[in-house]
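*Asks:* Chains as they are written, first to last, in my numbering: chain A, 69 to 258; chain B, 69 to 258.
Rather than coming from a laboratory, the hints here were simulated on the basis of the structure.
Nothing here was measured: the structure is a model prediction, and the numbers come from that model.
Using N, Cα and C, we set each Cβ at its ideal position, and we do this for glycine too.
Among the hints, a few may not be true.
What the hints assert, rightly or not - Chain A side only, calculated, beta carbon under 10 Å to chain B, not exhaustive:
1. S92
2. A133
3. A134
4. L138
5. V142
6. G198
Stated by the list, open to error - Some, not all, of what chain A presents toward chain B, calculated at C-beta under 8 Å:
7. I130
8. V144
9. D158
10. V161
What the hints assert, rightly or not - Per label pair, the in silico range of CB-to-CB distance:
11. Q74/B - A117/A: 41 to 47 Å
12. S248/B - L113/A: 42 to 48 Å
13. E126/A - S227/B: 21 to 27 Å
14. A117/A - G116/B: 17 to 23 Å
There are 2 protein chains.
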Amino acid sequence: MKLMEQKILREGQILPGDILKVGSFLNQNIDTDLLGEMGREIARLYDGAGVTKILTIEASGIAIAAAAGLSMGVPVLFAKKHRTSNVDGDVYVTKVHSFTHNEDYAVVVSRDYLLPSDRVLLVDDFLANGNALRGLIDLCNQADAELVGVAIAIEKCFSGAGDQMRAEGVRIDSLAQIESMTENGIVFRS
Amino acid sequence: MKLMEQKILREGQILPGDILKVGSFLNQNIDTDLLGEMGREIARLYDGAGVTKILTIEASGIAIAAAAGLSMGVPVLFAKKHRTSNVDGDVYVTKVHSFTHNEDYAVVVSRDYLLPSDRVLLVDDFLANGNALRGLIDLCNQADAELVGVAIAIEKCFSGAGDQMRAEGVRIDSLAQIESMTENGIVFRS
Numbered sequence: 069m070k071l072m073e074q075k076i077l078r079e080g081q082i083l084p085g086d087i088l089k090v091g092s093f094l095n096q097n098i099d100t101d102l103l104g105e106m107g108r109e110i111a112r113l114y115d116g117a118g119v120t121k122i123l124t125i126e127a128s129g130i131a132i133a134a135a136a137g138l139s140m141g142v143p144v145l146f147a148k149k150h151r152t153s154n155v156d157g158d159v160y161v162t163k164v165h166s167f168t169h170n171e172d173y174a175v176v177v178s179r180d181y182l183l184p185s186d187r188v189l190l191v192d193d194f195l196a197n198g199n200a201l202r203g204l205i206d207l208c209n210q211a212d213a214e215l216v217g218v219a220i221a222i223e224k225c226f227s228g229a230g231d232q233m234r235a236e237g238v239r240i241d242s243l244a245q246i247e248s249m250t251e252n253g254i255v256f257r258s
Numbered sequence: 069m070k071l072m073e074q075k076i077l078r079e080g081q082i083l084p085g086d087i088l089k090v091g092s093f094l095n096q097n098i099d100t101d102l103l104g105e106m107g108r109e110i111a112r113l114y115d116g117a118g119v120t121k122i123l124t125i126e127a128s129g130i131a132i133a134a135a136a137g138l139s140m141g142v143p144v145l146f147a148k149k150h151r152t153s154n155v156d157g158d159v160y161v162t163k164v165h166s167f168t169h170n171e172d173y174a175v176v177v178s179r180d181y182l183l184p185s186d187r188v189l190l191v192d193d194f195l196a197n198g199n200a201l202r203g204l205i206d207l208c209n210q211a212d213a214e215l216v217g218v219a220i221a222i223e224k225c226f227s228g229a230g231d232q233m234r235a236e237g238v239r240i241d242s243l244a245q246i247e248s249m250t251e252n253g254i255v256f257r258s
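Pulled out of the complex, with its shape left as it was, chain A reads as follows:
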C-alpha cells in the first residue's frame, strides 16, 4: 500500500534494536485518513473470503481492526493481555513472550465470542517475531475457529517470521513490507 510506505518514509523513526517508531500516525497518534484507507484495503483484499470475525490484540491493533471491521461489516473481537496466566472465567488463554518487555504474558479471549463457526481474520499493527500472532492463531485453534488470513499494517520481513508462517500455509497480507532498515534508509519489498 503506497500511502503506508510514503507515511513510513516521511514520519517513521528508526531506533536502536530494530525498532521503527510510528507513534505519530499509527500506534499512538492515529492518522484517520490513513486508517480509513487501511480498513478499505483490508476489506478489498478479503472481499468474498467469508470472514465472520476480526480478531486482534489490545491495544495498538484495535483501531486498525475497527477500521477493517467497519469497512467489511463484520464484528471485531479483541484479546486482552494479562500479567499472569491465572485468569478466571470461561476463556481461552495462550502465553506470549514479549521481547520488548522481556516477559511472558497471558492473552485471553472469552469463549462466548470466538466460535467454531467463525471464519477469522487476524489484524495487528506489526509483524516482527510473530509471537503475538502465533498466540492469536492458538486461540483460534482452541476455539476450533477457522483462520482465513492475517492482515498486518507493517511487516518487518528481515525477522523472517512472516515468511516462515507463509511457508506453513498461513495467508498473510501486509500493507507495508520492510525488507531492510538501516541508517541508510528503509527498503520495502517490491
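Chain A is fixed; fit chain B onto it per the hints.
*Replies:* Structure of chain B alone, referenced to chain A:
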C-alpha cells in the same frame, strides 16, 4: 441514542457491584454496525465545534474513538496505562485510581502528540466514577490544550460523577444514560 439503549436492554448483563457487562457488543466483541452509528452520532453532536484531536485511553475506548475520528476526519490519540508512575521520556503523566482493580496506575501521553493548539474531544466507553476522565482532562490541562467536550458510550448517571462534571462546566454527551440499574431492570434518563 435509541440503538444503544436497545442493545443494552437486549444484551447487557447486570452483575454484582453495579457492573454492566457489555462485552458482547461494546468492549470485547464489537458490533461494527453499532460502532459506525456511534461514530456518526458523535460527529453529528460535535459538527462545527472545531475539534482537532480525539483523546481516549487504552483499551476499550480506542474502537469508539477510531469510529468517531473516521467520521469527523480528525486524528485519534490514545493515552497508555502503566503500572508505575516511573515513566521515561517526554510525556505528560497523570495518576488514576481504578476501583475495579483497586490500584493506582499512571496514564501517559507523549508531549509530541498533544499540543497547546489542540481542541480536544475526549471519548471513552463508560463514565461511572469519572476517574479516568479526570485523568484525561488533567493531561489536556498539562498540555494547555483546550477541552471541547466529552463523548461517552454509556453513562452510569447514578454515580453522580457526570452531573458533577457538567456542573463544573464540562460538556458531556453520553449516547446512553442509565438512571438506575436493578434486578427490576434498567431505566434510562429521558
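*Asks:* For each hint, tell me whether it holds in the structure or not.
*Replies:* Here is what the structure says about each hint:
1. With a cut of 10 Å, the hint placing S92/A at the interface with chain B holds, because the nearest CB-to-CB distance is about 7 Å.
2. Because the smallest distance between the Cβ of A133/A and any Cβ of chain B comes to about 8 Å, under 10 Å, the interface hint for this residue holds.
3. Here the hint on A134/A is kept, as its CB sits about 4 Å from the closest CB of chain B, short of 10 Å.
4. Evaluation of the L138/A hint against chain B yields a held restraint, the C-beta minimum of about 5 Å falling below 10 Å.
5. Satisfaction of the interface hint for V142/A is found here, the shortest Cβ-Cβ separation to chain B being roughly 7 Å, below the 10 Å cut-off.
6. Contact between G198/A and chain B, as hinted, is not supported at the beta carbon level, the nearest pair being about 22 Å apart and thus beyond 10 Å.
7. Look at I130/A: its Cβ gets to within about 4 Å of chain B, closer than 8 Å, so that hint holds up.
8. Evaluation of the V144/A hint against chain B yields a held restraint, the C-beta minimum of about 4 Å falling below 8 Å.
9. Look at D158/A: its Cβ only gets to about 12 Å from chain B, farther than 8 Å, so that hint breaks.
10. Because the smallest distance between the Cβ of V161/A and any Cβ of chain B comes to about 14 Å, over 8 Å, the interface hint for this residue is violated.
11. About 31 Å separates the C-beta atoms of Q74/B and A117/A, a value inconsistent with the hinted range of 41 to 47 Å.
12. Taking 42 to 48 Å as the suggested C-beta distance range, the pair S248/B and L113/A conforms, at roughly 47 Å.
13. At roughly 25 Å, the beta-carbon separation of E126/A and S227/B lies within the given 21 to 27 Å, and the hint holds.
14. Here the CB-CB span from A117/A to G116/B is close to 40 Å, at odds with the stated 17 to 23 Å.
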